[in-house]
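Asks: Single-letter residue listing:
2 protein chains.
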Amino acid sequence: MKIYSKTHLPLGFKANGISAGIKKSGKPDLGLIFSEVKCRAAAVFTTNAFMAAPVRVSKDLLRRNKFFQGVIVNSGNANCFTGQSGLKNAWRMVEATSKMLDLKAKNIFVASTGIIGRQLPIEKILGALPRLVRGLSASGIDKFSQSIQTTDKFKKEISVKAYIKGKEITLCGVCKGAGMIFPHLATMLCFILTDLNIEKNALEKALRIAVADSFNSISIDGCQSTNDTVLILANGQAANRILTGKDRDYKKFLSMLKFVCLNLAKTIVKDGEGATKIIRIDVHHAKSKEEAKRVGFLIANSNLFKTAIYGEDPNWGRVVQAVGVSGLKIKERDLKINFSALDKKEVRLKVSLGRGNKSATVYTSDLTPAYIKINSQYN
Amino acid sequence: MKIYSKTHLPLGFKANGISAGIKKSGKPDLGLIFSEVKCRAAAVFTTNAFMAAPVRVSKDLLRRNKFFQGVIVNSGNANCFTGQSGLKNAWRMVEATSKMLDLKAKNIFVASTGIIGRQLPIEKILGALPRLVRGLSASGIDKFSQSIQTTDKFKKEISVKAYIKGKEITLCGVCKGAGMIFPHLATMLCFILTDLNIEKNALEKALRIAVADSFNSISIDGCQSTNDTVLILANGQAANRILTGKDRDYKKFLSMLKFVCLNLAKTIVKDGEGATKIIRIDVHHAKSKEEAKRVGFLIANSNLFKTAIYGEDPNWGRVVQAVGVSGLKIKERDLKINFSALDKKEVRLKVSLGRGNKSATVYTSDLTPAYIKINSQYN
Chain A
34 MKIYSKTHLP
44 LGFKANGISA
54 GIKKSGKPDL
64 GLIFSEVKCR
74 AAAVFTTNAF
84 MAAPVRVSKD
94 LLRRNKFFQG
104 VIVNSGNANC
114 FTGQSGLKNA
124 WRMVEATSKM
134 LDLKAKNIFV
144 ASTGIIGRQL
154 PIEKILGALP
164 RLVRGLSASG
174 IDKFSQSIQT
184 TDKFKKEISV
194 KAYIKGKEIT
204 LCGVCKGAGM
214 IFPHLATMLC
224 FILTDLNIEK
234 NALEKALRIA
244 VADSFNSISI
254 DGCQSTNDTV
264 LILANGQAAN
274 RILTGKDRDY
284 KKFLSMLKFV
294 CLNLAKTIVK
304 DGEGATKIIR
314 IDVHHAKSKE
324 EAKRVGFLIA
334 NSNLFKTAIY
344 GEDPNWGRVV
354 QAVGVSGLKI
364 KERDLKINFS
374 ALDKKEVRLK
384 VSLGRGNKSA
394 TVYTSDLTPA
404 YIKINSQYN
Chain B
34 MKIYSKTHLP
44 LGFKANGISA
54 GIKKSGKPDL
64 GLIFSEVKCR
74 AAAVFTTNAF
84 MAAPVRVSKD
94 LLRRNKFFQG
104 VIVNSGNANC
114 FTGQSGLKNA
124 WRMVEATSKM
134 LDLKAKNIFV
144 ASTGIIGRQL
154 PIEKILGALP
164 RLVRGLSASG
174 IDKFSQSIQT
184 TDKFKKEISV
194 KAYIKGKEIT
204 LCGVCKGAGM
214 IFPHLATMLC
224 FILTDLNIEK
234 NALEKALRIA
244 VADSFNSISI
254 DGCQSTNDTV
264 LILANGQAAN
274 RILTGKDRDY
284 KKFLSMLKFV
294 CLNLAKTIVK
304 DGEGATKIIR
314 IDVHHAKSKE
324 EAKRVGFLIA
334 NSNLFKTAIY
344 GEDPNWGRVV
354 QAVGVSGLKI
364 KERDLKINFS
374 ALDKKEVRLK
384 VSLGRGNKSA
394 TVYTSDLTPA
404 YIKINSQYN
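The listed protein sequences correspond, in order, to chains A and B. All residue numbers for the first sequence refer to this note's numbering, where the first residue is 34 and numbers rise by one. All residue numbers for the second sequence refer to this note's numbering, where the first residue is 34 and numbers rise by one.
There's no promise every hint is true.
One copy or two, it doesn't matter: identical chains are merged, so the pair holds either way.
Stated by the list, open to error - Distance condition first, Cα-Cα at most 27 Å in a straight line; then the derived DSSO-like pairs of lysine-lysine:
#, residue 1, residue 2
1, Lys378, Lys406
2, Lys121, Lys364
3, Lys92, Lys364
4, Lys406, Lys377
5, Lys377, Lys56
6, Lys291, Lys99
7, Lys369, Lys391
8, Lys139, Lys285
9, Lys284, Lys198
10, Lys284, Lys139
11, Lys406, Lys383
12, Lys233, Lys406
13, Lys71, Lys322
14, Lys92, Lys362
15, Lys121, Lys369
16, Lys238, Lys364
17, Lys39, Lys322
To be clear, the hints were calculated from the coordinates, so they are not data collected in a lab.
Next up, chain A with everything else stripped away, as it sits in the complex:
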């Protein structure tokens, strides 16, 4: 596997991002990814009970349709807690974009991020569509990436390539951070594109596995947003014979996808609000992977632990306390806690539970005065 030095769209994909006037700042706020040919798709959505209208619509589309050709995304407004009007607006985005692209089927996904509880300025969005579509280009991924950002401090993109079943295939991932910082701002969005030819089931399974070990293994403030979406589109333009879950190269693809997801997830942590450090927490010798992950999250979500890391103190008492909350039976002498040097940008905590042979890794950031400032003085 090789990493492209510059973000690179796979064969057959185009992208664009423009300012449609949704954000008051005038910054880019409307983006589109389009595949010239039909794609297979898989997605993972938020489990927050109040999922936003675009999430409902995209889930619906994924259930109904077999093939897709892209995704339209706006930032600046989450279209969440917007009732029937919000749902109607999300559908209008899908329909109008499909029509503008001359597609027979409504097979464009939709995603939104931004303020909760205000109606989308749908006319602005519809009015900007012709310009958005006109500007689609095979080198437009950067513009798209910018258009989905909210409070991100830097772009989050990566592209890799490798040979699968004799053909060179490209995997390109773009995401925006989990920042929930402006009043009612939300969401982590991730879009992964590939020209691989792959069976739907195999694609779904791979995404589920990769997300579990990446996006679902990070915690910035323990909050899950109403709009979280991870979407993968595979258009088959690399012209390989179709990849199935039983193929030898499936593992190769899975490790590529894991790499892309983990890389993006870590950039989200790095860009966590006010974060100065990324903290890797390895939990070993658990009875199950789930148990290891649960303990990892108890530590990762402990404000006391996160502030201690900010203060560069290997405060193992706070780790003990967080592990103890799990209620797991662990003997004092079996619990091993190990810190790496804490004066680095990336720090590592190893915790061994002495209960079994399963492990899990979770990532978080430190808790800093800047977090409070960002999250309290946003008006």
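Knowing the structure of chain A, use the given hints to seat chain B on it.
Replies: Same frame as chain A, but now just chain B:
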């Protein structure tokens, strides 16, 4: 029920607090409460898997013995994660204090708060015992209260009186805050004393109920310490006919106890690390009280919510997000969110779930830059 203007020990109780040299600062760090006659007792302890040695010992005593005569408490060292030596030291505190008080049985409880993972300076404690016992006095509750404090900014005491079964009885509560701020510092400790004559079962039940609605309904940082203890001693010196759970006056006693516990729990929140506001969260129209409390805690433990309150912004999007994490099926239009004026010291959030007719209240504090400072720059 009347509130004493000054903290007041019930009949037959004495207390003292001194400096034994456990704290480097030289501040008071060893306290004793003693009843001249035998008491019935009830207690609630931490559920953290790594419960400290004194918690293990006190649990053991409560199981084994029927009557008790007091409690010895040290601050500055939590005697937690201290293995067999720690356990031995906690027992030595019990034994030596019982002996010094000329008691036949080992019926003095023990509690500790402070640094985790260091052995108690047991010789200092034993050496200070004669002085501690000599100084016991019916007006010594203030000294005791000081001796159990760690990072508390103010004392947390209250005494109330009322007539139960024709006799005036007094209920006196003292506690220390949940601050976990010094490296490996821990714990909420609460001691409640009464001269009421009450059956053991009735006492246990009342404490369980009162704690559920007070100490177990507050959250400062969502962390439960290794040493948390709430203990009640009832010595019967008011000479009322014994109170049972079936008596008409039982409800009166229960409401007194609830009042004392909630009052103390709220002072803990008020003294939360760096807190500028105490936040009362009322969750209404839930299917069960447990469900209401769970939603309340999801909100109370949300850093995004707590920082918004610090910033005095009625950010209902963050409430929506926290409620949504519960996974409960709630229709958007059924969720009602209501903020009181946020520029006050005590603010109130009302959330209505539209699912049933049960309610619960939880308390928390705002999350401020001072919290980060206290918890990262303690060295």
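Asks: With reference to the structure, classify each hint as holding or not holding.
Replies: Hint-by-hint comparison with the structure:
no., hint, result
1, Lys378 to Lys406, "both (21 Å within a copy, 20 Å between copies)"
2, Lys121 to Lys364, "between (56 Å within a copy, 17 Å between copies)"
3, Lys92 to Lys364, "between (45 Å within a copy, 18 Å between copies)"
4, Lys406 to Lys377, "both (23 Å within a copy, 20 Å between copies)"
5, Lys377 to Lys56, "neither (36 Å within a copy, 32 Å between copies)"
6, Lys291 to Lys99, "within (24 Å within a copy, 60 Å between copies)"
7, Lys369 to Lys391, "within (15 Å within a copy, 43 Å between copies)"
8, Lys139 to Lys285, "neither (33 Å within a copy, 67 Å between copies)"
9, Lys284 to Lys198, "within (12 Å within a copy, 76 Å between copies)"
10, Lys284 to Lys139, "neither (33 Å within a copy, 65 Å between copies)"
11, Lys406 to Lys383, "between (30 Å within a copy, 25 Å between copies)"
12, Lys233 to Lys406, "neither (45 Å within a copy, 50 Å between copies)"
13, Lys71 to Lys322, "neither (37 Å within a copy, 51 Å between copies)"
14, Lys92 to Lys362, "between (40 Å within a copy, 17 Å between copies)"
15, Lys121 to Lys369, "between (54 Å within a copy, 23 Å between copies)"
16, Lys238 to Lys364, "neither (37 Å within a copy, 31 Å between copies)"
17, Lys39 to Lys322, "neither (35 Å within a copy, 55 Å between copies)"
In the structure shown, a violation is registered for the earlier hints numbered 5, 8, 10, 12, 13, 16, 17, in ascending order.
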